[in-house]
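Enquirer: Chains as they are written, first to last, in this note's numbering: chain A, 1 to 311; chain B, 1 to 312.
Source of the hints: derived by calculation from the structure; they are not laboratory data.
Heads up, the beta-carbon is just placed ideally off N, CA and C, and yes, glycines get one too.
Take these hints with a grain of salt, some might be off.
[What the hints assert, rightly or not] Selected chain A positions facing chain B (Cβ under 10 Å, derived; list incomplete): (1) Phe-13; (2) His-26; (3) Val-65; (4) Phe-247.
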Amino acid sequence: MNKEIIFNMNTAFRGEYTIIGYRFGHGEQAACIIGAMRGNEFQQLYMCSQLIAKLEQLEAKGAIVANKEILIIPALNYNSMNVGKKFWVSDSTDINRSFPGNPEGPATSRIADAVLKRVKDYSYGIQFASFYLGGEFIPHIRLTEEGAKNTSLANLFGMPYVLTASERAFDSTTLNYNWQKNGTSAFSVYTGATERIDEERARQGVSAVLRFLTRMGIIRYNCHGGYISTVLEEDELLSIRSDMPGFFRKKVSTNTEVVRGQLLAEIVDSFRGDVISRLVAPTDGVIFYQQIQPMVFQNSVAFKMIKRIHE
Amino acid sequence: MIDTVVSVEMLVEEVMQIKKNRLAPDECTGNEKRLCIASGSHGDELGGQYICYQVIRRIKQDFQSLTGIVDVYPAMNPLGLDAQMRDFPLMDIDMNTVFPGDKDGAILEHAASKIIKDMAGADVCLDVHSSNSLIREIPQVRINDDVSESIMPYAKLLNTELVWIHPSTSVRAGSLAYALNAIGVKTMVIEAGVALRIDYDYCEQIVDGIFSLMKHMGIWQGEVTEVRRPTIATDGDVWFVNAESSGLFVPNIKHSMKVKKGEKIGTIVDVITGSVEERIYAPCDGLVFTFREYPAVEEGALIARIYGGDLT
Chain A
1 MNKEIIFNMN
11 TAFRGEYTII
21 GYRFGHGEQA
31 ACIIGAMRGN
41 EFQQLYMCSQ
51 LIAKLEQLEA
61 KGAIVANKEI
71 LIIPALNYNS
81 MNVGKKFWVS
91 DSTDINRSFP
101 GNPEGPATSR
111 IADAVLKRVK
121 DYSYGIQFAS
131 FYLGGEFIPH
141 IRLTEEGAKN
151 TSLANLFGMP
161 YVLTASERAF
171 DSTTLNYNWQ
181 KNGTSAFSVY
191 TGATERIDEE
201 RARQGVSAVL
211 RFLTRMGIIR
221 YNCHGGYIST
231 VLEEDELLSI
241 RSDMPGFFRK
251 KVSTNTEVVR
261 GQLLAEIVDS
271 FRGDVISRLV
281 APTDGVIFYQ
291 QIQPMVFQNS
301 VAFKMIKRIH
311 E
Chain B
1 MIDTVVSVEM
11 LVEEVMQIKK
21 NRLAPDECTG
31 NEKRLCIASG
41 SHGDELGGQY
51 ICYQVIRRIK
61 QDFQSLTGIV
71 DVYPAMNPLG
81 LDAQMRDFPL
91 MDIDMNTVFP
101 GDKDGAILEH
111 AASKIIKDMA
121 GADVCLDVHS
131 SNSLIREIPQ
141 VRINDDVSES
151 IMPYAKLLNT
161 ELVWIHPSTS
171 VRAGSLAYAL
181 NAIGVKTMVI
191 EAGVALRIDY
201 DYCEQIVDGI
211 FSLMKHMGIW
221 QGEVTEVRRP
231 TIATDGDVWF
241 VNAESSGLFV
251 PNIKHSMKVK
261 KGEKIGTIVD
271 VITGSVEERI
281 YAPCDGLVFT
291 FREYPAVEEG
301 ALIARIYGGD
311 LT
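Could you put the whole structure together from the sequences, leaning on the hints where they help?
Expert: Spelled out as structure tokens, the structure:
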């Protein structure tokens, strides 16, 4: 393992800020994995740390295939993590809305530029991502519209689902989009958690990456074959919204098969304690996403379901 | 007439409401032109609040002169305004990146879609901003280059020093301006002053410009003041000056000044060593239309933007 500096700058009051990468193997730039880009992405940083530990062991055993190089950048924005902020400390900008970046622009833009220049020639790019909606997902691989042609490659992670997403307004400023633009096959790995560590799902995410690296001939590693992924379009997911605000008393979990009319959650009045609404499954299917806050707003997304599918 | 455009019951008891004030003649024919004035998508920007107040006050003062519809949306992000937060508080997301929104999406996307639906069909929309807390802006109109030709005749009327054709975040995909232009509502962004403060002179200047625009649209028959002729800036005319060191920025000039190439703009000093880390000089002759307001800087921080084109 070799440690390298990806980006370095001085800050006004906290000394130097350095983004570090860990390199395994030598030669062709085969795969790059990027972890936390925001200060609340603890699960994403944890997964990178576990992956680095595993690859260090594999490298010691000679299990990195000759002429293949893997780069892991565990965190781009750990200074925000250290002060409990989600975005860049000095100006609240989001690194994952700053790509492709500008070497003469503000700090997040300089970081985006430096990182993209370093990682753009890798064949495969993997980001441990978080979603803007706080909640729990079934672990999955997410592909942008631009990357949707790579669903068969995404299947090689062996995750339960591969989700293709339609383009959103801000996509052109994300790492994933710019990786694709530069010819890298880019994948976002979602394990469902962000601000807390979900050990089991973190392990599932790390195993998925190791499985992918094995199948692409980058490492030698004997692992379980995983799932034959079900490919879904994000627009096919059915949103179930809360019609009332209040305490959210959930009755099902993600990855649970439900039938039409089944009770998914109760909404409890915040002062009087009585049940003021019941959210039921509008169709048969599997719960893909659920919100995990103790309370919900009126008209907020409480669940997303995969329609008419069995576990 | 005050209408509620978005209403969402919050976690405990309160209701988040996004409201508009519709000012229209007592008897409408149905063919009136319509102007929307929006502000407050960034909860730390207050200049737009004052501009909305002044527009409504002046219309009410001479109501007979109003011959069209003016819809005023002063507080698109009421929770952010209340909490003095730029982003939408519950999700830490910049509201001006989620338009046109999604009626089936999360609370912010849902609100954005309802705002767009309400504004659809208007002739012109102004989205009024006050920079951020780090930099001060001269009154200016910003428009994206893909719509500059059709919007320029309106932008020139707003009594600003500058019209800048530039794909800044406030006019690119995800912004209110971009989403409305895509459905045929001629929309431009006004930037003036600095967040968390109100520059009353700038605001009055822009209010004069709004009435001049209303007159041009044929929806205001009252007196208007003569507006200044703005400088039209494209990206080739604008020089960005960014810090290459971190520390405290000590300015040598003031905002809105004209500078000469090579003139000292300021220094960046290190507070622990007592040393000067960087001396910053103007890269061209020109007008400093953006200038650093918050003194602490880091490498890459924007210090100034200078319009280096023809100022005659």
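Enquirer: Work down the list of hints and note, for each, if the structure agrees.
Expert: Verification of the hints:
1. Phe-13: Status holds, d = 8 Å.
2. His-26: This hint is violated: His-26 (chain A) lies away from chain B, its Cβ roughly 32 Å from the closest one there, beyond 10 Å.
3. Val-65: 39 Å, violated
4. Phe-247: 9 Å, holds
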